[in-house]
Amino acid sequence: MRPILMKGHERPLTFLKYNRDGDLLFSCAKDHNPTVWFADNGERLGTYHGHNGAVWSCDISFDSSRLLTGSADTTVKLWDVKRGEQLYTFKFDSPARSVDFAVGEKLAVMTTDPFMDKTSAIHVKRIAEDIEDQDNESALVIRGPTGRINRAVWGPLNKTIVSCGEDAIIRVWDPVTGQEIMSTKDHENGHKKAITSLCISDDKSHFLTGALDKSAKLWDTRTLTLIKTYVTERPVNAVTMSPLLDHVVSPASGWDGIEKIRPEDGVDQLGTADQVVLGGGQDASSVTTTDHRAGKFEAKFYDKILQQEIGGVKGHFGPINALAFNPDGKSFASGGEDGYVRLHHFDPDYFNIKL
Amino acid sequence: MQNGGQTTNKLRWGELDEDEGEDLDFLLPPKQVIGPDENGIKKVIEYKFNDDGNKVKLTTKTRVRKVAKAHLSKKAIERRSWPKFGDAVQEDVGARLTMVSTEEIALERPQPPGTKQEENKSASDNPFGKGAVLMVCRTCGKRGDHWTSRCPYKDLAQPPESLVDKPPTDGPAAAAPATKGAYIPPSLRAGAERPSTDMRRRNEENSVRVTNLSEDTREADLHELFRPFGQITRVYVAIDQKTGLSRGFGFVNFANREDAERAINKLNGYGYDSLILRVEWATPRAS
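Protein chains in written order, with my numbering: chain A, 1 to 355; chain B, 1 to 287.
A hint or two may mislead.
To be verified - Okay, derived cross-link-like pairs now, SDA-like style, lysine to any residue, Cα gap no bigger than 25 Å in a straight line:
id: 1; chain 1: A; residue 1: 17; chain 2: B; residue 2: 78
id: 2; chain 1: A; residue 1: 17; chain 2: B; residue 2: 86
id: 3; chain 1: B; residue 1: 31; chain 2: A; residue 2: 43
id: 4; chain 1: A; residue 1: 7; chain 2: B; residue 2: 38
id: 5; chain 1: A; residue 1: 30; chain 2: B; residue 2: 95
id: 6; chain 1: A; residue 1: 30; chain 2: B; residue 2: 84
It is worth saying that the hints were derived from the structure and are not from the lab.
In this text, all values refer to a predicted model and were calculated from it rather than measured experimentally.
Isolated chain A (complex conformation):
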């Protein structure tokens, strides 16, 4: 395949997300302007101006009309996707990291980093249907985990919030009371180092986490039982799962990418081709001492069920920081420390890979 290279950002990429229809790709980077691209040909549709710091993550509403971005300038902004205008700014007292719309978009979960004497926190905000009624009040603030919370997402039916971060513990919270329902604190096979990324499946039944302990793990959302572990030789920065094939991309920190792919509809009813994709590599600070041929800047594909490596996709000149699978499962995007987004449309033979 010939990837499409998109050079819209001047600084390292931090996050990538497709809208539900898979026709738009949103990219966040350490430069201050989230960007939207057409996902088929990589043409730039527009940029969102207003943030004054690195943008760490974003989420798009179900109907692709609104965009939520979390930035290090201590704000989360709500945008009009079509015109690129700011609709509302949520203000915090420390940098915002992760944002996620609840199903129905009545609520959103946002996390803030520890800053000065402030600890990290998970905020639940109500999102008003009419922007005039929007307010800055948090419906719930959860504090507790030490260190940065790298990702917080909604569980099935908005009944839980799953969070993970630098303390290497995955926690499940009640979004009404703020109680911790369960965690992997005493889990002997849990992650050993900071968890950098989390990707939840479409049906929210399971999710994939990637950590600096050079592994990615697949968990059951309801019971928080460990289902699978994907081991790689570098820290995992980003993870994603194929919505089509049973492939997992195990996360790689800094430099590896792993993704999950699934067989074409109808081709493999039993799902023998589950895939995961992991992205990562070494720490950005050690890049200059590493030969790019060492292959640490690859996105790695793993079979979701057999936990075996399917292959790697090279191309970035630095660690992969972000990975996203198109909802149709036929293409994926990776964003690197090198400032490029690479959009890969799979060749037909990809869908017939047998281990």
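Put chain B on the given structure of chain A with help from the hints.
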């Protein structure tokens, strides 16, 4: 009064000069976009003033490729026609934010460990492959490739008797015992696994230095010259970075030590490109 008028006049001239470029931009024909036609060729014609103030027509032809067939929803099709916003509004044709990689990137399957090494080992142990082949060239000793009469090296290499049957005096002494019951370390015995580091050292030992090469000698030439003696694993000619010409020396690595020895005996003092070659064992690099 008069003085004042003059100064303003002068100022105006100065201003005019500076503003000229910008003002005249309005005089340029508008940007034209033609296509994409049925072949996917899109033509963009732009007009600009260059630094000398001349009007320049800039035509950019791009091929629009359909990368993926997508079943777009109605909303997605509508989004396709959304106007651009933000930085995307004033994008010049030359910006090239989106490019298709010139490189073909494959999903690289992981190699089962050991496969590659195995290949190298068998190749270096038996350069002519496993199966016995009837077609053996008597000039260069290559099997299964060509008959002796068709040997591509026959002009270069001397008749086989002189080439093969004149080993160095200590050659057979060194080589023969190896096959006749002398002690062979387990790591070198047939079928033993050979770690790659060991192999690399062995290859370095079979390195031959060639000096007094002519300026336009290339690696391909050396390969051609040394090929008749046996399997070559590496050819290197030192090239001057500035001139791009050969610096007069190079290295050839053989898979087998015997082949390298034969090559040294044969080609040392050989006239090549009107120069007398000097061929010797490469001294190991000081570590």
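key: Broken hints, by number   = 4
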